[in-house]
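As a plain string of letters, each chain reads:
Number of protein chains: 2
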Amino acid sequence: MTGRMDIVLVGAGNLATNLGYALKSAGHRILQVYSRTEESASTLAGLLQCGYTTVPEAVVPEADMYVFSVKDSVLKPLADKLREGREEALFVHTAGSMDMDVLDGGRRGVLYPMQTFSKSRLVDFRHIPCFVEAAEAADLAILKDLAGSVSDSVHELSSEDRKYLHLAAVFCCNFANHCCAIGAEILERHGIPFEVMRLLIKETADKLGSLSPREAQTGPAVRYDVNVISRQRELLADIPEFQKVYDMMSEGIHKMSEERNTK
Amino acid sequence: MTGRMDIVLVGAGNLATNLGYALKSAGHRILQVYSRTEESASTLAGLLQCGYTTVPEAVVPEADMYVFSVKDSVLKPLADKLREGREEALFVHTAGSMDMDVLDGGRRGVLYPMQTFSKSRLVDFRHIPCFVEAAEAADLAILKDLAGSVSDSVHELSSEDRKYLHLAAVFCCNFANHCCAIGAEILERHGIPFEVMRLLIKETADKLGSLSPREAQTGPAVRYDVNVISRQRELLADIPEFQKVYDMMSEGIHKMSEERNTK
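Just so you know, the sequences run in chain order A and B. Quick note on numbering that gives the first Met the number 0: the first sequence kicks off at 0 and runs consecutively. Quick note on numbering that gives the first Met the number 0: the second sequence kicks off at 0 and runs consecutively.
The hints are simulated quantities; they were obtained by calculation from the structure and are not laboratory data.
One copy or any two copies: either way a pair holds, since identical chains are not told apart in the list.
In the EDC-like style, the derived pairs of lysine to aspartate or glutamate whose C-alpha atoms are separated by at most 20 Å in a straight line are:
1) Lys-254 to Glu-187
2) Lys-201 to Glu-214
3) Lys-201 to Asp-123
4) Lys-70 to Asp-224
5) Lys-118 to Asp-224
6) Lys-70 to Glu-214
In isolation and in its complexed conformation, chain A is listed as follows (with noise of 0.2 Å):
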């Protein structure tokens, strides 16, 4: 166990609540929580048997990190806000798409858990990739430190990297959300119960674990069945907006198996 830090969370949504969650039990004290809107800030403080206040004037000025989990357009702003009166803390965000320099003006750094986190499902941080950095060879070690008392793999990178991390995590979780969104609409639509795509999902995911993603691509659009994919297009023609989405997934994948083959 690290060093216990006094903490301040600055938002109260999916990660927040996670990553407060898995603070708290590695033994980190959490001093308060600071949330736009009551219900989410009294929950989260509640969960963590801390107080709590949805007014940035209230929040508590003695705090070794305040760790901002925020829409990424208030970050800057609340950030500056909060700024002063805490010159000597550090202030430390969790997005992955933000530049650290957006807390400037001070001690900074980054913690970036790379996961898709929900409130009403508490992940086991211990195997969560947490990425880190900060402005100060020695915030770096401080954030080292506290990445490492809830998660087992912690990695330096960038800001710079760490945006197309982002990018590439948006693709593998949200992006291949909205995919399983579509196939569950279409069910749905057809009195089939969503219940039995989860094993095909869960495989899927699985196959991941020791392939590529172009090695693991089965289906009619990588083996190019015209067939197939013309006849399944058309089942979608009442709804242009995943008419649009087979096409271009579909074209997507062949593409990527020519190159694959042509390598």
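Following the hints, position chain B against chain A.
Only chain B this time, still in chain A's reference frame:
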């Protein structure tokens, strides 16, 4: 254990390999493997310890059942050719997207195991949902027995509904995997190993074991964080086809989330 069937496998691809192995393991007799190419025919025949041929005329005539797992475009002509002299046998195909009646001219049915198969990865068939259909009630009973001998999840489904099920599977599996392939390529271009993504992919799938994909969705698009979205799409300026996917998926996620919120 159901009655033992004497089976010829027509096709020796990913699905035939996994299904053939499961059928043999369940005690059925694989008489022969037919494939257009010597290499795949002999490989699967070796795994199943049976004979093989690459010549339709040399397919043995005495099987109870001919199981076709071939590219959809060759299914009908090949089945028509083999039907002569095998009028009493049950012809079965395994394709999600093909109507049962492409096997007209005699006893016919479908056994569609919904999974993503790779030759290099023999999967446990026991939990794979298998969807069966037959023209005659007696053949449906045979196919239910056969499917039940390899899987605990056997469902009756019409050709029409199966088309939509297969379409949904293409979204949930092939297209989701393609999103991961794009993510992997972005990482590769920036020297970040794909391994760091594996836990996120696993959790994305695991969440769908208990949540619907709409409920499980996270990320900039569902938050409609236009700052992140516009910066992320700019990162793809040099890969226009990925940028098109980014735009389409982000719009789709946002639209679905709006629908959900107004329901």
